[in-house]
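Q: Residue-level listing of the chains:
There are 2 protein chains.
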Amino acid sequence: MSLPAVEIWLEYASTYSYLTVARVGKLARERGVILDWQPFFLPPVRDQQNMGFPFPEASAKTAYMWRDLERRARHHGLPYRRPEQYPVNSLQTIRVALLGAREGWCQAFTEEAFRLHWTEGRLIGTDENLHAALRHAGQDPARVVAAASSPENKEALKAQTPRALARGIFGAPSFVVRGELFWGDDRLEDAIDFAVTGA
Amino acid sequence: MSLPAVEIWLEYASTYSYLTVARVGKLARERGVILDWQPFFLPPVRDQQNMGFPFPEASAKTAYMWRDLERRARHHGLPYRRPEQYPVNSLQTIRVALLGAREGWCQAFTEEAFRLHWTEGRLIGTDENLHAALRHAGQDPARVVAAASSPENKEALKAQTPRALARGIFGAPSFVVRGELFWGDDRLEDAIDFAVTGA
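Just so you know, the protein sequences line up as chains A and B, in that order. Anchor point for the first sequence: position 106 equals 105 in numbering that gives the first Met the number 0, and the numbering is continuous, going up by one each time. Anchor point for the second sequence: position 42 equals 41 in numbering that gives the first Met the number 0, and the numbering is continuous, going up by one each time.
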């Protein structure tokens, strides 16, 4: 019998996604779940739903998000250092991650790119972060960057938008298990439970 | 030594607030926490922050909210029946609840108004729901409705808007403990933990 799978829809500019990326590998191993990495670019998904950017600068909601994120990192025992820039341009990183999902090294790349961004001040979206995370995942940065920018890979990323919309996705991280959608790091355990037990 | 207190900022049209209202009384008793009920009207609080209505009709986010709410009710073992109308006009109910907070019967009123709305199809905002919940709380509906509509009580409710803004509140339910804000039913336990242990 094959292991149950959880689609993990990730946006590399998403803040709460750090909590998920830092936790999901261990959880999936412990619970016997396959992670089906689905990097996607969130802005067009929200645009098509007439939804704006969720965390406008200088808003109470955004101030709360930073405070809550720090508290949740502590709650989970995760290292945390607030990045100097927000939001970051995540498009190139997501193209690379999507190529990684096809080639089988998405998780190693993603874990390292998020770790560098959220604990070492090396921003996702910069060449420095991208290359370091690729080397960590055993990949040649020059080859991957060229392949990630190919017309085929760009089209593959565009195709993620209607696939996300078909699943009812409007934010990140999101998890999909047998058609059931779970939104936000707070629902990661529920998604895994549903994959394993169906409840 | 006095018991630690949790401010509970409630909007009576808020969906996730059902989960909180149905759970918070038992949690507070078990943990030895005082509940400081703070009914407020959310629309002016969001208007002042240029935030729209969080759950527009026919959006993926709203469809998700209903699915998630049903799942969370089941998770907590709470009865749940989706109300026929959403959103409801909650203003009069909130005026009554605020009077209840001053007079000491807010919790009994609130628990019953939410129970009727979320399990028996008797909508918050209707006279039928209001009167039934008031009688349940041992109050005379005629007296309370008159007092709730007094200029003093209307002003008291308006004054909740700057008080909410001062706390960084942008949604409901919200919890405030010693200046620390917790947003959403998902953070109810964290707020109570913080009140009890300071961590």
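Keep in mind that the hints were calculated from the coordinates and are not lab data. Treat the hints with caution; some may be incorrect.
[To be verified] Partial pick of chain B residues on the chain A-facing surface, computed with a CB cut under 10 Å:
1) Ala4
2) Gly51
3) Phe52
4) Pro82
5) Gln84
6) Phe169
7) Gly183
[As the list claims (entries may be wrong)] In silico DSBU-like cross-links for lysine-lysine, where the CA-CA straight-line distance does not exceed 35 Å:
8) Lys153/B - Lys157/A
9) Lys153/A - Lys157/B
10) Lys60/B - Lys60/A
11) Lys153/B - Lys60/A
12) Lys157/B - Lys157/A
Just so you know, even glycine gets a beta-carbon here, dropped at the ideal spot from N, CA and C.
Q: Which of the listed hints are not met by the structure?
A: 1, 3, 4, 5, 8, 9, 12
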